[in-house]
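Q: Take a look at the letters that make up each chain.
Number of protein chains: 6
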Amino acid sequence: MFFHRKELQFHAKPDRPDPLYAKKLQEILGGQFGEISVAMQYLFQGWNSRGDAKYKDLIMDTGTEEIGHCEMIATMIARLLDDAPVHEQEAAAKDPMIGAIMGGMNPHHAIVSGLGAVPENSAGVPWNAGYIVASGNILADFRANLNAESQGRLQVARLYEMTEDRGIKEMLSFLLARDTMHQNQWYAAIKELEEQQGVTVPASVPAEWEATDFSYTLYNFSEGEEAKAGSWASGISPDGRGTFSYDSEPAAYGGKQELNPPPPYMHSTPPLQVKKL
Amino acid sequence: MFFHRKELQFHAKPDRPDPLYAKKLQEILGGQFGEISVAMQYLFQGWNSRGDAKYKDLIMDTGTEEIGHCEMIATMIARLLDDAPVHEQEAAAKDPMIGAIMGGMNPHHAIVSGLGAVPENSAGVPWNAGYIVASGNILADFRANLNAESQGRLQVARLYEMTEDRGIKEMLSFLLARDTMHQNQWYAAIKELEEQQGVTVPASVPAEWEATDFSYTLYNFSEGEEAKAGSWASGISPDGRGTFSYDSEPAAYGGKQELNPPPPYMHSTPPLQVKKL
Amino acid sequence: MFFHRKELQFHAKPDRPDPLYAKKLQEILGGQFGEISVAMQYLFQGWNSRGDAKYKDLIMDTGTEEIGHCEMIATMIARLLDDAPVHEQEAAAKDPMIGAIMGGMNPHHAIVSGLGAVPENSAGVPWNAGYIVASGNILADFRANLNAESQGRLQVARLYEMTEDRGIKEMLSFLLARDTMHQNQWYAAIKELEEQQGVTVPASVPAEWEATDFSYTLYNFSEGEEAKAGSWASGISPDGRGTFSYDSEPAAYGGKQELNPPPPYMHSTPPLQVKKL
Amino acid sequence: MFFHRKELQFHAKPDRPDPLYAKKLQEILGGQFGEISVAMQYLFQGWNSRGDAKYKDLIMDTGTEEIGHCEMIATMIARLLDDAPVHEQEAAAKDPMIGAIMGGMNPHHAIVSGLGAVPENSAGVPWNAGYIVASGNILADFRANLNAESQGRLQVARLYEMTEDRGIKEMLSFLLARDTMHQNQWYAAIKELEEQQGVTVPASVPAEWEATDFSYTLYNFSEGEEAKAGSWASGISPDGRGTFSYDSEPAAYGGKQELNPPPPYMHSTPPLQVKKL
Amino acid sequence: MFFHRKELQFHAKPDRPDPLYAKKLQEILGGQFGEISVAMQYLFQGWNSRGDAKYKDLIMDTGTEEIGHCEMIATMIARLLDDAPVHEQEAAAKDPMIGAIMGGMNPHHAIVSGLGAVPENSAGVPWNAGYIVASGNILADFRANLNAESQGRLQVARLYEMTEDRGIKEMLSFLLARDTMHQNQWYAAIKELEEQQGVTVPASVPAEWEATDFSYTLYNFSEGEEAKAGSWASGISPDGRGTFSYDSEPAAYGGKQELNPPPPYMHSTPPLQVKKL
Amino acid sequence: MFFHRKELQFHAKPDRPDPLYAKKLQEILGGQFGEISVAMQYLFQGWNSRGDAKYKDLIMDTGTEEIGHCEMIATMIARLLDDAPVHEQEAAAKDPMIGAIMGGMNPHHAIVSGLGAVPENSAGVPWNAGYIVASGNILADFRANLNAESQGRLQVARLYEMTEDRGIKEMLSFLLARDTMHQNQWYAAIKELEEQQGVTVPASVPAEWEATDFSYTLYNFSEGEEAKAGSWASGISPDGRGTFSYDSEPAAYGGKQELNPPPPYMHSTPPLQVKKL
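Line by line, the protein sequences give chains Y, U, G, E, Z and W.
Its first residue numbered 9, the first sequence is counted upward by one per residue in the numbering used here.
Its first residue numbered 9, the second sequence is counted upward by one per residue in the numbering used here.
Its first residue numbered 9, the third sequence is counted upward by one per residue in the numbering used here.
Its first residue numbered 9, the fourth sequence is counted upward by one per residue in the numbering used here.
Its first residue numbered 9, the fifth sequence is counted upward by one per residue in the numbering used here.
Its first residue numbered 9, the sixth sequence is counted upward by one per residue in the numbering used here.
Do not rely on the hints blindly, as some may be mistaken.
Remember, identical chains collapse to one label, so a pair may be satisfied in a single copy or spanning two.
In the EDC-like style, the derived pairs of lysine to aspartate or glutamate whose C-alpha atoms are separated by at most 20 Å in a straight line are [said to hold, decoys possible]:
1) Lys-21 with Glu-233
2) Lys-21 with Glu-234
3) Lys-199 with Asp-247
4) Lys-14 with Glu-233
5) Lys-264 with Glu-216
6) Lys-21 with Glu-200
7) Lys-236 with Asp-103
8) Lys-264 with Glu-233
9) Lys-236 with Asp-90
10) Lys-14 with Glu-203
11) Lys-199 with Asp-91
12) Lys-177 with Glu-234
13) Lys-199 with Glu-178
14) Lys-14 with Asp-103
15) Lys-199 with Asp-90
16) Lys-14 with Glu-200
17) Lys-199 with Glu-234
18) Lys-177 with Glu-200
19) Lys-21 with Glu-178
What the hints contain is simulated information worked out from the structure, not anything from laboratory work.
Make a model of the complete structure from these sequences and hints.
A: See the structure below:
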């Protein structure tokens, strides 16, 4: 059960409106690694969690915080849209900045949402749940989380440099900080789990299920052997169970691919006739 | 530039057809973490790579291998679809196994692809590029890769237990092994990069951009403090730059959210009139 | 800013597992009118709200409640998935119920989420934000909300009849009740707004913008005149500004559609040559 | 069975080409509430209609009209694209209006459709059937229709103010009028149905299915009680079956959410081991 | 402008209900090559047509017919859904056919549409406009149309063999016939256009734009030279402008792919540091 | 199994960066008929191929080449993004070209991919597998391929005229040439197959399945008879099995559409009550 407090977690006031930037900021609200994604990802992980209470609590704390981040960014976007020049078509012939805005703002901000945020990314594509990860294996999922916070913080840093607006930069400085925390917390939790279970997910696969002859070899499928120089091509593997090797000329173990002809009811081009060509 | 050798990387012959399992196997071909996803993810990372040759070569080797994995799984799916009972409607009233197949196989296998694999997940949803990650920051992307291989191996393990077919199990045993390698290789590469740059991505964010007061605190947004017991709530943070703390009652730093009323041309419900209610 | 209490708003315990029903229940979690939709719809309406505080509070109260409904249904789905027969392939030849389950359950429940809920509808299609509505005009949006709660309650009622499980029925009886409240609350708020502004949205369109000759006529574009008998074909219109009429043979006011030929750089099939045929 | 007359329902001639506006106008052709949506929504409602002929005729009349609206708007878009400066790259350095157009027009208009309309919204996202509603319950569906016409007319009004072109404004004045009619007709039909069945959809739910203790209470899930002042928080409910109340501190009736641990074949992180941390 | 006649183009009465088949039949209504696709494809081609009247009339005739085919198939689906056993959960344990239906029918038919057709394919994925083609080049588009009718008729033939129901087979026999006509008509129109313009689309590309050294060579990018035996590897090319050749070992003309390092503001992993590893 | 050579098939070096053009070029990488589409389409056709080796080899040769085309275009896009003015917000007020770029470039190029190509079309919509065709019937599929290469070459020609950059034009001249080859090769293969099987796909439909009375008639569903003049309205049909005719006033053979009322458990608006209105 959830509750809402009518205050923002951090202030979200731009110095001045900027509809072009509003469009760009949508990426960290409704993009692949925006706040909707992490909120939904953590909530589903939490709701589906069948394990230790401390992990579940950590997930729910963070997921609930992220709903509040959606609120902050949505607020910032609405404020950046104040005074958008959707009304001044003719003036654009004279002022290149207005021209850029008219051509460049997300039309949904003007036509669909009435100068409010939309659940879309910076290209105007609606958010969809194909972005999120909740597998029931928390080591796998914490890796998904660490990735999400890494991609997210990278995008925030890029957005930070794309504006001179002090108010926007302040909000982004807060998000950079929270993404630092979230990367560190998932990192710490991952270390705990890897120490218990080992590096390879899932830990529960019995050795006899795996064709272990193929478990520690890097195959050279692309011309050139630069990758042979890396720490992944020789030495003990991080999971401690194997020794990396490098295979310059990978063999094929599967033979020719030959499929039976389809039955007549499939109405495929009859293969026998075709062979007579 | 790419070349194709007409042999499978590993054999892909089921002991017997099984259209229901063919549907399930689609997940690791066309699902969020299927082989299309990793192939496309690595190829785009490689093509966009602007850095060190050994990383780029590693990425291209692996991406090229994954196209071959698509081929193996597509072949297996086609063979599982041989003799699918799409023709024997009436018989189903008597045989529950045929009933299960008729009700449960992916109709696209019968109607659309002519008993071949489709670029869809196990629920029949087409693959889309919103699944993949290629950010230009290789530490972030290698975390995405480690996650993808973790989720992928987890799904392979689950599929392994869902069949008694020895031929299927053999192909899956090979995929388990390759996912072991790929997890270990990305893990090793991540270690290298973290040792150089530190844990927090991106490494290039200057300290003054970040509101560092908020960088190492876990906020308790959900009732109960189980998460306080974790390694993420006290002690030195993994990036070595801060000390974790725990805030039981997180404050709001942003004040009330108040938006200006929209201009009249937005045709929103006029707020002034509404206030007179 | 949001907070989570670690209790469900209502109990969500089925009498027994039922993976087929788990798949169906996904509709009211991740479908077009599922709880994710109403939660996101109300939150975006609230965050974008630029008007009267009592409406905004109503929206935020309801949106926050709906996140809790997602939690209840996700919990129910996870419990319905306990003991799913993903492991008993061979047995299916004998037991039609297991056959139905194996063929009919959502494969994502077994392969992707580890027996947890997924953010998808009952056909396995991921939720997307193209479902939701937040226009900045609250009368329009409250109509969207009334529709969403009507469709939602209809689906809950249909699901109610599709099970004999007492535990499921109890949770659905709670959802039926909350949907009753939500329909009634949006209905009451709509009445208020319509009394102030009139029936036609948006109220702020000046009469001179509208080709009012066409504002109250039902055109008979389909053979047969049954629709002429309705209250929408004669009498005063609900907005009180016109009189309904019925036009049996609608005229075309637009003339022929003729487009200029495309410029040569479009590389369209050259129309002049074509005309010489 | 359908027939086409080679005339437009209303004229669709802009005073001059305007590729930026062509992009914006796509919203009411291929957007969530564009003409494709209402055409498809009404046609599916009509084809699935199992009830009274006068409703079915009304639905089919309106659905068939909307196909003609698609035609009008598609024609207008094609005309707005005449002379689009897709050919004058270099000139843009000098003329800001051409710069705005080059940067701002939908690239599909130039590359994909050859200066014709596309089945996309104003952000370039293809139309999809997840937008439409046809439930088999006509009161629910007429609410969906009233919402669609409200959102649609709002968008037309916003687009009206975004241009000075007299020809565009004339076509929009016709659409404003038809949306007025359609709002009024669905409103009238809704009144009829509500008088018969009552306000709450579906009407056929027996009282004993519903946990009626929860049917008329507004829960205060967000801080602040502004919503208590509304007509939805006290007095008789619109359906006449209850009395609204307001609950300042909503209780949780569901207890803790606890899920059984997953079976070992799910390869989830083993919860027992984890607890030993 | 469009009109609707209240009769079906052909009868659509199954001998008996069959919810499993209703799900399958959705493919030719809402699938990639279903009737919605061809209707929308032809209407957009017609509305965007800037050329010869006889082509435009042909397109509009066919597009308008296809709306009527949607109606026929939607009607058939609704009738197949009569008496669907959505109510008889418990009985399934005994009757395998009911089990197959319960597990196998599209849940949307029961929960969302009230036993009506849905705008989805046979896997339950909503129709989207990314399926259709309207490029403004009618030779290209007629090839798209010939393909669509070929894929469509193939799917109808497969569906024909998947049922014993005489009523369904009759409707499909009509669709097979209309697809025969449509394939033949597009074929005839293509011949006309190819005779005028030649085989290669678009015809208007000047020779000097094209690197004609590469215009008629088949490159052997896959091991084995079976393709060398085809009519596409030697002899005069169909467009009459070249001679096919076969290159067993294709050269690379592009040199190494090397990208400049990204600017620092991209926060990519710094390539210089990385090179020092 | 696949291999990668570290050279581009053709050079991909623009004379100068151009972020606006980079956005447009995405269409032929990640659009409906971009290189991802043809690569995936041919690979799936090849992997599912159950017929003659020479066709399969042709398909695999071409599919493998197309992966290399993705690489070329991705490389070109990355180079066009060098020096993109994502950093110079303020300058835009003075320079209209920078304004056009800021407003017009794909934000994903700046925020998401770090100045690399993205798997999206020119409007920023992610590629999805609903674009591709692999039916198991090679005549149908070769028609899909001929269409894809026709649409693709048309788009390349349009892009060619939208730039003055010599480097871009050179790469496009190579793509024009390869599309010429691919159109010609599929054309030649189609001729072979049509000579064997006839024109109508699938060839295997027995005459008695088809309602042949309807197989060669063009119905006049749109006002005006211009289409009667075409080669598709009289004379022998291309498949040689019929004679085209033209029907000015198509009859309805299906009678009224009437559906049974839904059962009460569907909770549809009760039709009987409604009729009493």
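Q: Please name the hints from earlier in the document that this structure breaks, with their numbers sorted from lowest to highest.
A: Hints 1, 2, 5, 6, 7, 9, 10, 11, 12, 13, 14, 15, 16, 18 are the ones this structure does not satisfy, whereas the remaining hints hold.
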